[in-house]
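Please build the complete structure, drawing on both the sequences and the hints.
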Amino acid sequence: PLRLLEFPKKFHDTLSSLPRQVARGALELLGRLAGGEPAAFSGVVRLKALPDTLRARIGIDHRLLFRLLPDCVQVVDLINRRDLEKRIKSLGG
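Each residue of the sequence shown is one higher than the last, beginning at 314 in the numbering used here.
Each hint should be verified, as a subset may be incorrect.
[What the hints assert, rightly or not] In silico lysine-lysine, DSBU-like type, Cα no more than 35 Å apart, as pairs:
1) K402 to K322
2) K361 to K322
3) K399 to K322
4) K399 to K323
5) K323 to K402
6) K323 to K361
7) K399 to K361
8) K361 to K402
Hints were generated in silico from the structure; no laboratory data involved.
Written out as structure tokens, the structure reads:
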């Protein structure tokens with residue numbers, strides 16, 4: 314289904330601090346996910362510690378964390394992969 318995008322409050326700052334290609338790749342993927350494009354879900358993985366949260370690779374070093382809700386794609390964070398475990402723990406996993 315078609316979903317709206319919901320971003321965290323400081324997501325613009327997060328995007329601004331990352332390389333341009335990473336920010337562009339994240340927004341491109343989010344648009345495809347929100348549009349319901351089946352191919353966009355290829356490579357998306359559900360987190361074992363947080364089953365309601367999904368992870369997608371953005372380039373080699375970054376991971377997009379998000380939740381699929383019935384009416385929106387809720388962005389949790391866009392982080393460097395080395396910070397993934399620490400971020401999962403901070404989310405309660």
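Here is how each hint holds up against the structure:
no.	hint	in the structure
1	K402 to K322	20 Å, holds
2	K361 to K322	26 Å, holds
3	K399 to K322	20 Å, holds
4	K399 to K323	19 Å, holds
5	K323 to K402	20 Å, holds
6	K323 to K361	26 Å, holds
7	K399 to K361	14 Å, holds
8	K361 to K402	12 Å, holds
No hint from the list above goes unmet by this structure.
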